[in-house]
Structure formats: structure tokens, C-alpha cells
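For the sequence shown, our numbering assigns the number 25 to the initial residue and increments by one for each residue that follows.
A few of these clues could be false.
[Said to hold, decoys possible] Pair by pair, the computed Cβ-Cβ distance ranges are:
1. R147 / R193: 35 to 41 Å
2. Q242 / T49: 18 to 24 Å
3. D218 / P103: 30 to 36 Å
4. G271 / G207: 15 to 21 Å
5. A194 / A150: 17 to 23 Å
6. G290 / P142: 18 to 24 Å
7. G196 / F63: 25 to 31 Å
8. R46 / P243: 21 to 27 Å
Calculated directly from the structure, the hints in this document are not laboratory data. Beta carbons: idealized from backbone N, C-alpha and C, even for Gly.
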Amino acid sequence: MTTPTLHQPAVRTIDQLIEAVRTGTYGPDPAQGRIALAFTTAQAVHHAGRSGGYRNEVLSLRLDAAVGSCAVEPGALPPAALDDCVGASVAELLSHPMLPVQVAALDAYLSHVRPHTPEHGARPYALPAGSSLHRSRARARAVVGLLPATGIRRVLVIGVVNSLLEQLRARGLEYVPCDLKGGATEWDEPVRTDALAELEHCDAVLASGMTLGNGTFQPLLDHAAATGKPLVMFAQTGSAVLPRFVGAGVSAVSAEPYPFFWLDGGPGVIHRYGGTR
Numbered sequence: 025m026t027t028p029t030l031h032q033p034a035v036r037t038i039d040q041l042i043e044a045v046r047t048g049t050y051g052p053d054p055a056q057g058r059i060a061l062a063f064t065t066a067q068a069v070h071h072a073g074r075s076g077g078y079r080n081e082v083l084s085l086r087l088d089a090a091v092g093s094c095a096v097e098p099g100a101l102p103p104a105a106l107d108d109c110v111g112a113s114v115a116e117l118l119s120h121p122m123l124p125v126q127v128a129a130l131d132a133y134l135s136h137v138r139p140h141t142p143e144h145g146a147r148p149y150a151l152p153a154g155s156s157l158h159r160s161r162a163r164a165r166a167v168v169g170l171l172p173a174t175g176i177r178r179v180l181v182i183g184v185v186n187s188l189l190e191q192l193r194a195r196g197l198e199y200v201p202c203d204l205k206g207g208a209t210e211w212d213e214p215v216r217t218d219a220l221a222e223l224e225h226c227d228a229v230l231a232s233g234m235t236l237g238n239g240t241f242q243p244l245l246d247h248a249a250a251t252g253k254p255l256v257m258f259a260q261t262g263s264a265v266l267p268r269f270v271g272a273g274v275s276a277v278s279a280e281p282y283p284f285f286w287l288d289g290g291p292g293v294i295h296r297y298g299g300t301r
């Protein structure tokens, strides 16, 4: 483990972060850390009172006591990917041809050397016990609370989560929902599929960590860094990766490492970085 510190090297791209890991900037040689366990978690949900449901699938890799994760489109991950990961070194997986494997390996390594503790800048936020919907709404309050309290009128939401939209509505904020799958929100609002086309028309961005795994994160980071717009990430994917970009375009992160809130009904915790509240 590295010495706990709030300081971190300046990185502005995922490639720069991977290179910093490879060269030992964050601690142990990633060639020496091997993945002991690779697994996927699949979820289908339809909350009571909601008009529709959805499915999630997540690739997770175990490195010592840490678990790194990256969401994938359901059914998109070939079974051989798990075989590729088990017993491989982190360094090898950082060059894997599948981006989700790279992200999960990077997340596992950074979760190991930069755990979610106050020494590394994390602020714990307790989630209550209860139903999946109850806990989803509690998480939404934590995430939306990372947006600036003033100066925001319209929020670009990338990765539609109805509980987040519900919380934005409760705060009187306009939003533009975007998701590569398209469709409609709980309130029959059309979901846009081209988030980049909407950036100029919004005052802040609220984006899922899934943007890491599908390769759409960098344009968001570049736009936020160039314009100073708040970019808040809610991260099950890359929960230890995205805090490394706070201050370099990302304004705040809600980090949620495995196991995620939807896997259990008991009390839990997420970790918040940056923000003003």
C-alpha cells in the first residue's frame, strides 16, 4: 500500500492514468498484482410503481481485498473474458483488447492502492436499509447533492436513472436525459442518444461511470475542463478511477464500489469526493 495522501499526480486522460500506474506513480508494480477472481453480476429490476424496468451486467475483478468493476451491456461480454482475467496480472489486463476489462483492472488496482478512506479524500455517506427503490432514492439525493447549489438551470444526465431525474425534478432543475439505448423516461420524456450534441445547451453534467467502459468519458472531461462546467460522476463502474480526475475536469464523484446498493437491503455506504456540500 502507498502512504495515505490527498495529493495525486495530474492526469487528464485514461491513457495518462494507465501510464502513471504502469510506471509506479501510484505504488506497487501492476505486473506483480494478479487477479484471483473474475465474475459477473447480472440484475433485472422493475420497481413497484414504476412503468418499466431495466437490466444491468457488471464485470468485477478481485485483487487482494479490493474489487474493481466495469458495467457492460447485458450479453456483450464473451464468457472467455473471465478466463482471460483469472490469474493474469493487472499490467497484462491494462492492455487487454476489451475496454471494460482494462477499466475493471484499473479500478481493482486503484481500489487496492487508493481505498475509499478520508486519507484519500473520500467522505462517507450512509445509505439506509430498505427496498431497492428506497435505497436508489437515497443514493440519488447523495449524487444530486454534489451539484452546485446555485448557478445551475439545466443538467445533462448521461446514463438515465429515474431516481436521479426524480431528484432533479424535486429541486426544480431542468434536465436533458441521454442514454445510448434511447427510449423514454418514467415521465415519457424522450431520451437523447447523442450526449455530445447536448453539451453546449446545459449548465452541468451528471454522468454515469459507464462512460468509462464505453469510451465516451474523455469528451465529457475535456468539455468540463475547457468550460469550467460542473461534471459530477456517479460511479459503480470505475469508483476508484474517477476520483483521480477530480480537479482535472471532474468536479465531484459519488463512488460506489462492489457490492452495489441493489445487491443488499441492509444499510450501506457510498463515498463522495469533491463538491461543495
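- Message: Looking only at beta-carbon atoms, does the pair R147, R193 fall within the given range of 35 to 41 Å?
- Response: violated, 26 Å
- Query: Taking the beta carbons of D218 and P103, is their distance inside 30 to 36 Å?
  - Reply: Holds: the Cβ-Cβ distance is about 32 Å, inside 30 to 36 Å.
- Query: So the hint says 25 to 31 Å: do the beta-carbon atoms of G196 and F63 match that?
  - Reply: violated, 42 Å
- Quick one: are Q242 and T49 within 18 to 24 Å, going by C-beta? holds, 20 Å
- Query: Taking the CB of G290 and the CB of P142, does the distance hold inside 18 to 24 Å?
  - Reply: holds, 23 Å
- Has the hinted range 21 to 27 Å been met by the Cβ atoms of R46 and P243? holds, 24 Å
- Distance restraint hint 15 to 21 Å, applied to the beta-carbon atoms of G271 and G207: violated, 34 Å
- Message: Looking only at beta-carbon atoms, does the pair A194, A150 fall within the given range of 17 to 23 Å?
- Response: Hint holds: Cβ distance 20 Å, inside 17 to 23 Å.
Consistency with the previously given hints fails for numbers 1, 4, 7, ordered from lowest to highest.
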